[in-house]
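A.B. asks: Read off the chains here:
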Amino acid sequence: MRTQKVELTINGTTYSGHVEPRMLLSDFIRQVARLTGTHVGCEHGVCGACTVQIDGKTARSCLTFAVQAEGHDIRTVEALGKQGALHPIQEAFWEKHGLQCGYCTPGMLMRAEEFLASNPTPSREDIIEAISGNLCRCTGYQTIVDAIEHAATLLKSQTAEA
Amino acid sequence: MKDQTRRIPASRQREKPGQKTKWIGTDMKRVEDPRLLTGQGRYADDVSVPGMLHAATLSSPHAHARIISIDVSKARALPGVVAVMTGEAVARLTGPLPCFSNPPVEQRCVAIDRVRHVGEPVAIIAAESRYIAEDAARLIEVEYEPLPAMNDPRKAMHAIGEGVLHPARGDTNVAMHRNFSFGDVAGDFARATRVVKRSLRWARSGAQPLETCGAVSEYDSATGKFTIHVNSSMYNYVGWLLAVTLGVPVHKLNIIPTIAGGSFGSKLFIHKVPVISAVLARETGRPVKYLEDRSDNILACDHHGSDRFYDCELALDHNDKMISMRCKVIDDYGAYFQFDIGHHGNALSQITGPYQIGSVEADITAVMTNKCQQGAYRGFGSEVSNYVMERMVDAACSEFGLDPVEFRRKNFIKPEQFPYFIPTGNLYDSGNYPAVLDKALQMLDYDGWRNKQKEARKEGRYIGIGLATCQERSVFSATEFWMLNHEAGFALTSSPEGVKVKIDPTGNAVITLQAPFWGNSPETMATMILAEHLTMDPANISVTYADTDSGIAGTGPGGSRFTVMVAGAIVSASQVIRKKLFLLAAHLLDADPSEMELFDGKVRVKGRQGAEKSIADLAMMAHFFRLSFPDTPEFDTGLDASCTYDHPLTTMPSEDRKDLGIFYPIMGHMCHMPVVEIDVETGKVKFLDYVAVHDCGTIVNPMTLAGHVRGGTAQGIGSAIYEEYKYADDGQLLNANFADYILPSVNEVPPNVRVGHVVTPSPFTEYGIKGGGEGGRMGAPPAIASAIEDALKPFGVKADFLPLTPAKLRGLIRQATANQ
Ligand code: FES
Ligand code: FES
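Keeping their order, the protein sequence lines are chains Y and L. Quick note: the first sequence uses this note's numbering, first residue 1, plus one each step. Quick note: the second sequence uses this note's numbering, first residue 1, plus one each step.
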């Protein structure tokens, strides 16, 4: 099988691998870079579990080939906070019980981060609109909306402090 | 009325409800979350071992066909392919998959000779990458001889010859037919003043967790032992059956659990996936990962939900009291029969709902068709009987002009009647149904909505208010697995839950559970209960999951049993540890163990100021300073306990099955009241309000319980309005992807499901806890059906089948308008 060298910048680190041109970005992230925080739920672009950011915009890594992402800046959930120093959005999901099994969560977080950057004072309707492309089978969404609403408040007070 | 001939075992409750608690009853944030939020949860697909191969399957494109020949030579020749195995090759290394029916229905992880549903594996491949494995699958050439596809159980049950799926079991697709009758059904119908009849339909949907099933297997030829990492539950209960399938002694299989990205029952006991990866590992001598893709999971996960056709009659006396119900049900089980008709056992545990109905009859026909088999999905069949009971109640109200609230209230089992035997012999431990109803009415502002509904109708808007008052049975006992069979195969009676608690030398605790996280909150729950009982700081407690090598008896989550059972086991283990702590401290403080008490992480002598030792100090002494204590065995080194807790309240069924015994007694209750508005032009259902009041006894963590209620409600909305596995006449599944099988998104659920609680503690469980993991999905469908019917009353539309998709609703409205 023909492979080629693919080099990707993920969360500021360069990862390279000899992979088939058809390798999905989701597989590169999980198998080559071994960043397993990005999850795969459907592999056909519907569920949003695999959502990452490419140059600051969310994309479905299961619908993107790894080679297409060369030269772009990729961000995954691992770029947010760490345990003990959670990102305010992660903090808000924890506080508001915005996750149960955690499988949709990384995608939700990446979407929430992008969304709150563009709309720092959203209404609940805005939030609902924003996450309408991400499926969650556990929560019924309400506490995810709560969490993103709360995250907006946390981020605002953070900016105020800074 | 209480039947005195029936025996109620004495309560084994040690921790009484209503005591002052520090952790139980609080919204403690989940201890599972930090690692999940940072992408560090270790799910099945995150397991990676050196040298690991990747598996894919070739799935049957036919619903029903004979396999004439398979040519794998091209696939085998593909570079990167390490092994290709057909059903025959697999059968040389494995036996049938575990099946709990009696007689069993033989299922293989890879089909031999005959395929029985679309998506059934026909060959399996291990290759250097999943990409190559899938390429190889496409190179396999299979010749099939199509057989008649059975799609409709009402026809399949009459098929003979070529249309029979399992000829070895006889020339019929009827897997089981039984009639259960409890009480004087004929007499009650004879004396009834009015009878209402309905034909009801519940279509097939499924759990569809966002994570599919997956396993990584290794086979060590030196020791002859398999190691399987898998996102299955129940492995410490029935995981040993996989060793039987794999043809090795049970101690030559170690199952290591991974956490699961959702289950809702569907990962209760995964069998096909681990066996496929294990047989390939044995064949190749290398570790093998097999992870279902989404279409595998939709087509062949072995866990589709109930698929039933009901004909029901409900009898009322002259006082508008329900006196009897009888129903004929045909259940489409699909191609195999792993759990037998256990789903109907679930139903029979609460078939008469919260009502005083003196007799009941259920005539059950389980039929095999060319579809994926049924398994577990949140409710396990009892969600369907809730729907049926509530539909019949609504039918009686609309047919006889009765008020749905008052009719229910009148027929409720009264608070003073508990514990209460229902006709099937199951016991309801406790309840307060009027209180739940009243709370829901008040939270919703029922009268207010009725007024708004009237106003809206004047403007041509169609608002409907739904009502369902129904049961959430919890904590199954094992008799349910076999008591409905003509002959009990393996009449087990144990469904225990074990925990190990170890206090390390520095005074921190590790709790080991026997089944992993699957989206519930087992670590948080176990932490809270141990912290409560040992007065520890939750930060000093961690939770882990046993593999089968180290695991003790444990059944795992399912049937809303886990919190009740783990609490029982933790109380036992904690009592052992307390006793030892008291013994050690008493010796060190020169007091008697009976004078000791636990307080804030310390053991102290009651009433003696300053005479105390911290758990940490005592733990250090227990682990390392044996000579500081008397030379008697109770002071032996260590501070730990392994305890199993057996079912708190169960009895045997009678020989003739006129009485099923107590098998699902920890009885929760709920009242769901949705308010919907239907766009009669499009059939779209919009939620204007939603109130869900639940009674699950003492609540451990209100925040996570509300999460279960809302998540379950969202799934109930899916089952009621959007979700259905659509099989065509030829047995093709038309919507085997997430674009066509519609899981509710944030747009389809109410923006605010307002959750309320009434607390009626169980007299039989520790602290009075009841299960609460499934209620949302068990209450939402009948409530939504009733709301839709109420909204469309002007059209006379009946909500007698689910799901009521917008397209179907639109059709019903169009039909009704044409008839008017
Ligand atoms: S995995 Fe990419 S959208 Fe579902
Ligand atoms: S938390 Fe499980 S899918 Fe969202």
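Heads up, a few of these hints could be off.
Computed list of lysine to aspartate or glutamate pairs in EDC-like fashion (alpha-carbon distance at most 16 Å, straight line) [stated by the list, open to error]:
1) Lys29/L <-> Glu95/Y
2) Lys321/L <-> Asp438/L
3) Lys658/L <-> Asp363/L
4) Lys686/L <-> Glu91/Y
5) Lys156/Y <-> Glu70/Y
6) Lys197/L <-> Glu313/L
7) Lys29/L <-> Glu125/Y
8) Lys410/L <-> Asp438/L
9) Lys20/L <-> Asp600/L
10) Lys500/L <-> Glu399/L
11) Lys29/L <-> Asp146/Y
12) Lys793/L <-> Asp646/L
13) Lys96/Y <-> Asp679/L
14) Lys808/L <-> Asp600/L
15) Lys410/L <-> Asp549/L
If you're looking for bench data, these hints aren't it; they were derived computationally from the structure. A quick note: this is a predicted structure, and the numbers were derived from the prediction, not measured.
A.B. asks: Taking each numbered hint in turn, which are not upheld by the structure, reported in ascending numerical order?
C.D. replies: 2, 4, 5, 7, 10, 12, 13, 14 and 15
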